[in-house]
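Protein chains: 2
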Amino acid sequence: VTVAASWVDIPNDSDFTLANLPFGIATKHGWSSPHVVIAVGRYVFDCNAALDSDLLGDLDLNASTLATGSLNELFAQGREPVSSFRCRVAELLRSDNTELQDRLDLVTEVMVPRSSVTMQLPFVIGDYVDFYSSEAHATNLGKMFRPQGDPLLPNWKQLPVGYHGRSGTIVPSGTDVCRPRGIVLDEGIPTYSQSKMLDFELEVGTFVGLGSALGESISTADAANHIAGFVLFNDWTARDIQTFEYQPLGPNLAKSFLSSISPWVVTLDAVEPYLVHQPRQDPLPVRPLRAHGNGAIDIHLEVSLSSALMRESGLNPVRVSKTNFSEMYWTWAQQLAHITANGASTRTGDFYASGTVSGTEPDSYGSLIEMTWRGERPLVLPTGEVRAFLEDGDEVNMRGWCGKGPERVGLGKVSGRVLPARE
Amino acid sequence: VTVAASWVDIPNDSDFTLANLPFGIATKHGWSSPHVVIAVGRYVFDCNAALDSDLLGDLDLNASTLATGSLNELFAQGREPVSSFRCRVAELLRSDNTELQDRLDLVTEVMVPRSSVTMQLPFVIGDYVDFYSSEAHATNLGKMFRPQGDPLLPNWKQLPVGYHGRSGTIVPSGTDVCRPRGIVLDEGIPTYSQSKMLDFELEVGTFVGLGSALGESISTADAANHIAGFVLFNDWTARDIQTFEYQPLGPNLAKSFLSSISPWVVTLDAVEPYLVHQPRQDPLPVRPLRAHGNGAIDIHLEVSLSSALMRESGLNPVRVSKTNFSEMYWTWAQQLAHITANGASTRTGDFYASGTVSGTEPDSYGSLIEMTWRGERPLVLPTGEVRAFLEDGDEVNMRGWCGKGPERVGLGKVSGRVLPARE
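Sequence order for the protein chains is A and B. Just so you know, our numbering puts 105 at position 105 of the first sequence, and the rest follows in order with no gaps. Just so you know, our numbering puts 1385 at position 385 of the second sequence, and the rest follows in order with no gaps.
Just so you know, not all the hints are guaranteed correct.
Claimed, not checked - So the derived label-pair ranges between C-beta atoms look like this:
# : chain 1 : residue 1 : chain 2 : residue 2 : range
1 : A       : 362       : B       : 1176      : 29 to 37 Å
2 : B       : 1383      : A       : 69        : 52 to 60 Å
3 : A       : 279       : B       : 1027      : 48 to 56 Å
4 : A       : 5         : B       : 1186      : 55 to 63 Å
5 : A       : 309       : B       : 1284      : 39 to 47 Å
Just so you know, these hints were derived from the structure itself, not from any lab. No experiment lies behind these values; they were computed from the predicted model shown. We treat Cβ as the ideally placed atom computed from N, Cα and C, and that holds for glycine.
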């Protein structure tokens, strides 16, 4: 990968290099409506301003596409128009291009400090499906939730197991999470109380760009034409609520209270240099689910945690997990093929999440229940505090990135702080 | 209940009496966009035309509320404004009111033959949750899917078990259902093939009108202020796909290919005379889920079936089930309280379904898998054809109604015909 130099000041190892250029939706004091923006270094490129300034050239772009407060209309056009859009922006930002660089009046219009905008949900989300595609995670959860049987059920290697979640409670990074209430067993008695086992789950989410009609199945080869891109996803989970409710129809209130995403949609074009082979699949899946080409993505993932006391003491967050997205058994392309294998339609803005990304070692697990083995081996924080599950005031940060230096393609971060239960 | 007479010709035992006045969204040749309509006898009352003709009087109604092609904006206002709207329409249609009756020019504008319009989805649907609230149904399915254990799991009487389903594949009555493909066990081998066990599920669905904010739990007492009304729901299910996929995270592709609703939203105001006590709950649920007042609704429900051969032979559909919605263990109010008990927000247009409505006797079961006990006791149709599950060409009709004569409040019907699998 050789990435052209930019006239924009991009810090070394920024998530948002010229190789990335992820899309988002931002609001800002003084803007009458949300704008479509692209992250670059410490700035965002304001697509609405660029369109008004005729900087987007001969892109066949309807202005209304950028005026809806979401990325839906832009990405509904499919992969090629978005690729062209992103290439045009890359061109404008290259050192050897003067169209924008030399127009100081326009630069101040179009290049907005990232610190001055507030990122919103990138898409109006349709259906949301959460998968369960890490073999290490599914094995760990199986051992804890069903200790009497095989940790992996017979379907797990035959299809990407997943379930629909609540799309209306997906929120952008930075939103606080209130400890939920629900029905839990208290000394064997079902009791409505606040969760005592609040957890995070490290995941990577995928938005659908171009939808598909009822009856149309998307092949693994064609999946790339239907996805908008990737974000980080924290699937907050109340383990005690989950334990009591989840049989036989799956998780519901244990997860529906809130889920958090990073706001920058990193395109498949951007991560293409980091596509790698997925783990070998044995048995070979049924034909519609078979992998096509390199479906895994070499995304480094990290989770860090800080307690209120750590922050008061001036201590940095402590890294509690380090793993890689490429270890997932089922890929985003196989997941999309599976969602549509029965002829179900998809809509622009549909969202699906990978399932918790866990490696095989405890320091690569993607959830606290795995790291602490349901509290048996609590984490010890630098303050001496112990953590079986999340406590009020804790803040969870997840980061993800491919590559390094000027070639780095980062997903940014998804963070959230735990507030006490309401009332 | 005493219902005023109407100047509109309403057939005896019509679902759409002056006591009902359900809301829907219709398209019609010659209309440039969908209209909000109210069913009355063989007509629909065209709310957009009535507003244009100043017939809605001093209702505080923004015209744009009716111009969005869905009921979302109208019902987002909450129960009271919709009640006033419906009362005003009832007033205009009463025999003793001449405002519309005597204006033949307006009557032809506003009263449109029901046969000339096409009903659409009433709401833009947000999240969809399917419950499992019939004790007889959950017991039957438990016996068949988990023969080794208790048919009802420990959580079943403690909370209304439910899961999120796919909102993007909910379609209006009359839409054909293609037999889905999926992964099923064929002599023990996971195989991608068309479902051989396609089934229906008789349910009643509830739309959310006034939404609720993140962190706000809706009490059973307040649920009435948050619901728009009721429809019939056919939760088509592929039992063979379900059997292989559903553990541990619940049903997904077995149901996501299509779900059908009746198009008329029958308000709580309309069914209020038919509210009755629900079955006694033992154990008493936790406080936020406890029943408030009469939460069950005395809705008669019927399912009828016809095969292609029956229709070719001029035979009427045969009734295969007759049951009553009032037998559900958990009510719509308890379900809404449960959905929000963890602080999850709700949006106008969110949809939740009761779960299959089954009585205790085989002729009151709400699905074929129960009636035929997974095919062990096939139905015999008047043509001599046998049915373990649905065959291509079969048509399923579900009807629901409260009361009779001029007081009848009917939900209309949801129907769909099975087409062969694609390709």
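Output the numbers, in ascending order, of every earlier hint that fails for this structure. Of the numbered hints given earlier, the structure breaks just one, which is hint 1.
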